[in-house]
Amino acid sequence: MEGIEGFDDWHFDNCYAFHDNYMQIGSGSNPYIPGSVTTPSLGTYGNVILLIKTERINNIAASFRVSVIGDGSVSASDYTVKEGTYYRPSSILIKGCTPSTRIKIESTYGKFYLQTMKIYDIADAVFYESFNYMNSLNEFIISSNAAEANLFDNYDEVSFSSIKQGKGSIFINNSGSYTLPSVNLEDKSALLLTFKSAKYFDGNYSVTLTTTGDTQMGTFNSTGQEDYASSRSISIEGNRWAWKDYYIIITNMNNTTDLTISGYDIFLDDIKLAPIPSGLDQSKDNTTYITANAGQERNVTLTRSITPNVWCPLCLPFDVTSSLMRTAMGETCELRTLDHINTSTGIFTFNNINENTTIEAGTPFLVKTTIQVINPTFTGVIISNTPASTISEGNYQFVGNYSPVNLETNGTNLFLGTDGNLYQPDTETGYNRLGGLRAYFVVPEKNNARVTILDEPAETTSIQLSRNVKEQCYYDFQGRKREATHYTPNLRILNGKKIIKK
3 MEGIEGFDDW HFDNCYAFHD NYMQIGSGSN PYIPGSVTTP SLGTYGNVIL LIKTERINNI
63 AASFRVSVIG DGSVSASDYT VKEGTYYRPS SILIKGCTPS TRIKIESTYG KFYLQTMKIY
123 DIADAVFYES FNYMNSLNEF IISSNAAEAN LFDNYDEVSF SSIKQGKGSI FINNSGSYTL
183 PSVNLEDKSA LLLTFKSAKY FDGNYSVTLT TTGDTQMGTF NSTGQEDYAS SRSISIEGNR
243 WAWKDYYIII TNMNNTTDLT ISGYDIFLDD IKLAPIPSGL DQSKDNTTYI TANAGQERNV
303 TLTRSITPNV WCPLCLPFDV TSSLMRTAMG ETCELRTLDH INTSTGIFTF NNINENTTIE
363 AGTPFLVKTT IQVINPTFTG VIISNTPAST ISEGNYQFVG NYSPVNLETN GTNLFLGTDG
423 NLYQPDTETG YNRLGGLRAY FVVPEKNNAR VTILDEPAET TSIQLSRNVK EQCYYDFQGR
483 KREATHYTPN LRILNGKKII KK
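Residue 3 is where the sequence shown starts when you use this note's numbering, and the numbers rise one by one after that.
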């Protein structure tokens with residue numbers, strides 16, 4: 003079956019494979035015997051799209067249920083296998099997944115064929131259209147085949163005109179349009195619409211987004227202020243056939259809003275809608291916030307705590323000075339930037355900065371305060387979409403990250419614990435997750451890398467495995483010591499054993 007590579011950790015109950023490209027779920031006739039298929043653990047955080055294609059058997063009615071094992075939720079769990087003699091897709095949003103989450107599809111009435119089962123990690127997005135069922139043989143050679151409803155990921159309620167198939171994309175010609183299906187939102191929201199586009203001919207071409215109801219689309223005018231309208235056009239840049247990412251801010255959107263994308267002689271791909279958060283959060287993908295606010299002055303709150311009296315790596319999408327940091331984190335706040343890396347000894351040396359020095363957006367650095375700092379706010383900063391940067395010397399790197407990242411567990415990725423040691427992350431899935439707005443170290447495998455802070459006592463750190471502790475005390479997965487009777491919910495480590503505290 004497409005999307006199922008091998009059968010390790012999959013679970014099948016009363017399922018029958020046919021010609022390696024589709025599977026029958028359930029059996030019998032009266033009574034029907036239910037069947038089910040369960041995925042392996044997803045190994046990801048946030049929202050995912052479950053994309054499946056189903057077909058009735060002999061056009062007899064059938065239905066199925068989608069459920070989540072572990073963390074996560076499905077807004078609508080019961081589905082009817084659509085009528086017709088060919089496979090029709092269902093694009094199902096599942097929110098709040100964690101690495102151990104599994105997805106189960108089970109027949110609730112009758113039996114049916116399952117052809118495709120794919121899972122897309124979409125971070126915090128609430129809608130995604132990949133167009134991956136469009137099957138033109140060549141990416142930029144126009145197919146004579148018009149797009150069909152059953153070739154869209156989101157088959158239900160799809161509306162379009164003058165659209166032809168691309169290769170995993172669509173081609174809009176002759177003033178064609180594509181209207182997004184209804185999006186399930188918890189309330190009226192500000193969202194970021196992102197998509198990829200390319201033009202077929204050289205020249206001036208554009209994409210236009212129109213809406214219904216009270217929905218408005220935002221952009222920033224020449225004075226840097228938000229400007230809203232019910233229609234927005236974006237010029238497609240670059241040479242012909244050159245893909246580029248574009249975005250539009252949407253405000254006051256609700257479940258009944260229609261969003262229509264139109265154009266002339268353009269390709270369109272990878273449409274996403276994601277809520278725009280109010281600030282930066284160490285536990286979430288911060289791409290949406292940074293993209294939506296790039297180039298604008300903002301008061302930004304970081305959902306992150308800074309432990310007192312230890313050096314904490316930090317990476318921010320705006321310029322930083324000592325004065326700004328003291329205002330946000332207290333007068334005792336100190337900063338250190340990476341001065342150099344000695345590739346012979348594996349020592350990363352961090353140095354104090356001049357009072358007037360600016361640490362540019364995306365540059366990782368270390369910070370220390372004498373007080374506990376919880377969710378600091380930075381006032382009047384300019385958000386930059388400059389990617390988090392990597393400082394390199396030979397095979398050694400100091401790597402900034404805005405959003406959570408899964409570290410390698412082979413000894414090449416290390417993080418700085420609050421006890422001053424470098425730690426190798428645990429090998430179990432999910433325990434190598436480093437929060438966002440931080441930085442980590444990349445070293446050659448089995449290398450005794452160390453960190454030294456100038457103007458501090460002449461002592462360098464050693465590398466330890468995060469679960470390899472010997473004291474009768476608790477540590478979290480970043481090496482922070484915790485009292486047994488008082489610590490925040492998360493994984494804790496006691497004498498090498500993992501303990502989940504809720």
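If you're looking for bench data, these hints aren't it; they were derived computationally from the structure. No experiment lies behind these values; they were computed from the predicted model shown. Heads up, the beta-carbon is just placed ideally off N, CA and C, and yes, glycines get one too. One or more hints might be untrue.
Stated by the list, open to error - Here are the simulated BS3-like cross-link-like pairs (lysine-lysine), alpha carbons at most 25 Å apart as the crow flies:
(1) K166 <-> K97
(2) K169 <-> K190
(3) K198 <-> K166
(4) K198 <-> K246
(5) K166 <-> K286
What the hints assert, rightly or not - Pair ranges (Cβ atoms, derived):
(6) S346 <-> L139: 50 to 58 Å
(7) D158 <-> G382: 28 to 36 Å
(8) E362 <-> N256: 36 to 44 Å
(9) N356 <-> G170: 45 to 53 Å
These are the hints, each one checked on the structure:
1. Distance check on the hinted pair: K166 and K97 sit about 32 Å apart at the alpha-carbon level, beyond 25 Å; violated.
2. At roughly 35 Å between alpha-carbon atoms, K169 and K190 are farther apart than 25 Å, so this suggested pair is violated.
3. Simply put, K198 and K166 have alpha-carbon atoms about 16 Å apart, close enough for the 25 Å limit, and the pair holds.
4. Our distance criterion of 25 Å between C-alpha atoms is met by K198 and K246, whose separation comes to about 5 Å.
5. Our distance criterion of 25 Å between C-alpha atoms is broken by K166 and K286, whose separation comes to about 36 Å.
6. A hinted range of 50 to 58 Å for the beta carbons of S346 and L139 is consistent with their spacing of about 54 Å.
7. For D158 and G382, the Cβ-Cβ distance of about 45 Å falls outside the hinted range of 28 to 36 Å, so the restraint is violated.
8. With their beta carbons about 40 Å apart, E362 and N256 fall inside the hinted range of 36 to 44 Å.
9. Distance hint check for N356 and G170: the Cβ-Cβ separation is about 51 Å, which falls inside the suggested range of 45 to 53 Å.
Hints 1, 2, 5, 7 from the earlier list are contradicted by this structure; the remaining hints agree with it.
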